[in-house]
Amino acid sequence: MLSEDERRQIEAQFNRYPQKRAVVPEALKTVQRSRGWVSDEAVGDIAELLSLTAAEVDAVATFYNLIYRKPVGRHVILLCDSVSCWIMGYENLYEHLRSKLGIGMGETTADNRFTLLPAPCLGACDQAPVMMVDEDLYGRLDAAKIDDILGRYP
Amino acid sequence: MEPHLTRNIRPNREAFSLEAYERGEGYQGLRRALSMSPKEVQELVSQSTLRGRGGAGFPTGQKWSFVPMGGKARGPKYYIVNADEMEPGTMKDRLLLEGDPHQVVEGAIIGAYAIEAEVIYIYLRWAYRLAAVRLETAIAEAYRRGYLGRGVMGSSYNVELYLHESSGRYICGEEDGLMDALEGRRPIPRPKPPFPQTCGLWGNPTVVNNTETVSNLPGILRNGAEWFKGLSLSSDGGSKIYGVSGRVKRPGTWELPLGTTAREVIFEHAGGMVDGAHLRAFLPGGGSTDFLTEDHLEVKLDYESVAAAGSRLGTGTIVVLDDSVCPVGVLISLERFFLRESCGWCTPCREGLPWIVALLEELEQGEGNEESLELLEFHCRTIKPGLTFCPLAPGAMEPLASALKYFRQDMLRHVREKRCPWR
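Residue numbers (this note's numbering), protein chains in the order written: chain A, 6 to 159; chain B, 14 to 436.
For the record, the hints were derived by calculation from the structure and aren't laboratory data. For every residue, glycine included, the Cβ atom is placed at its ideal position computed from N, Cα and C. Treat each hint with caution, since some may be false.
[Claimed, not checked] If the Cβ cut is set under 10 angstroms, some of the chain A residues that face chain B in the computed set are:
| no. | residue |
| --- | --- |
| 1 | 17 |
| 2 | 25 |
| 3 | 65 |
| 4 | 70 |
| 5 | 72 |
| 6 | 75 |
| 7 | 91 |
| 8 | 127 |
| 9 | 129 |
| 10 | 130 |
Build the full structure now, drawing on both the sequences and the hints.
Below, the structure is given as structure tokens:
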């Protein structure tokens, strides 16, 4: 069931669009903000609130790379693998993260601390290579800097 | 040149408050627009020769001119600012969104007024967190001061502006995909015609303009078409935000006259290559533009000149490829991006891109042969505009086709040596 708070946040979006359906992306984000990810049950609850089928909501949910349909760790690392970051050493950074965290792309550490995901160009190519951890952007990365940054996310 | 687009952007990118923005002639472009008829605003922007800065380069005034106007036009009409910047190697809209959000808001109101739109959406990618915060502040300030809402600046014009934060996917930056996303559907390109100007968001007339295009509007309205043309070194008006990334001494973004040469951008503004690195090639305007080489450094970075050299101005943000990096590896990064970001709707993209990535990976691992190159060329011939619903897959072929021309010997070395010579 959607919480009172979630429902209120979703309904607050209705007046921004002529059709309720348009709030699907915002509804998914709302649920993800409070629960970390979007379960099958939540997809169904959003569909019910918006008078859609679960399939219609899931078609949107599974499209966006930042809507998580599986649980993620406490912190999500988005490592840019696009062209500028590739040129500036993406592969080495990925190797470093993989050996440090013991996980590959799309995986979560056993202690549930980090999930590692690939990200398309983060629009900070002048600071390449870059990554985001949760909502924070970090540039000019090297292995030592990554170790330092990850230490700030318990 | 005197900066125009970036005149309010401070070195630390801290955004101006509404009061500071107003002191620098802020919202005077909107005031000027409201003293004109919408059609007059369209004509002024047409005369300025502003072309779209999102990649395709379509003339902005002409794009607006297809919108049905007057009392009989279907409404409400919509004006959308495309702030879903995600073209690989592109970081110019981030600068404008973070550094001067009021200029984006003012430009959006001018664009909306020019097509008599009642609703504006700024479609922002989620990853631009700082831009989101600053836009929210600017929008709230603009509402409080009467630049948005009912009776804009005391006129009879009413307009609402909403910020929509996307949850990622490059295809949402394509205007049909963007409209599907706003409608809450799974985004896929729509067949054209009809074009958005007549049948766009929720079936109503809609214009989608890129952030940099929109940011140019206040200056054009304040200073006129001739002034705007005078900013440029080419037949198309204005300045341009150029950028450089890769192994250069000072990667970054600069506002320069449209038509500045690639050499000046890379070797003066970006400081040239870092010690020990040698420029081999560059993408002039993002991941979906053809590579150019050292021989093209004198090319002027404007729409016509870059096209004459065999590529596209695209977003105007250059990615420099140096000799320490395997060109096949760079292609793998580019084509994996397009594969992952494809919506899978039409066959050339859904079936072609995975095949291309597999061929490139084989080549990189030393398992390719000369037939791999022929197959890659086959894709470049068969995935092209007119055979797909949207420009994503044809865009993906631009770096590939040019790489087959300029890096053929490097590819053949992978075949001969049965390994990547860079590893």
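Does the structure break any of the earlier hints, and which numbers would those be? 1 and 6
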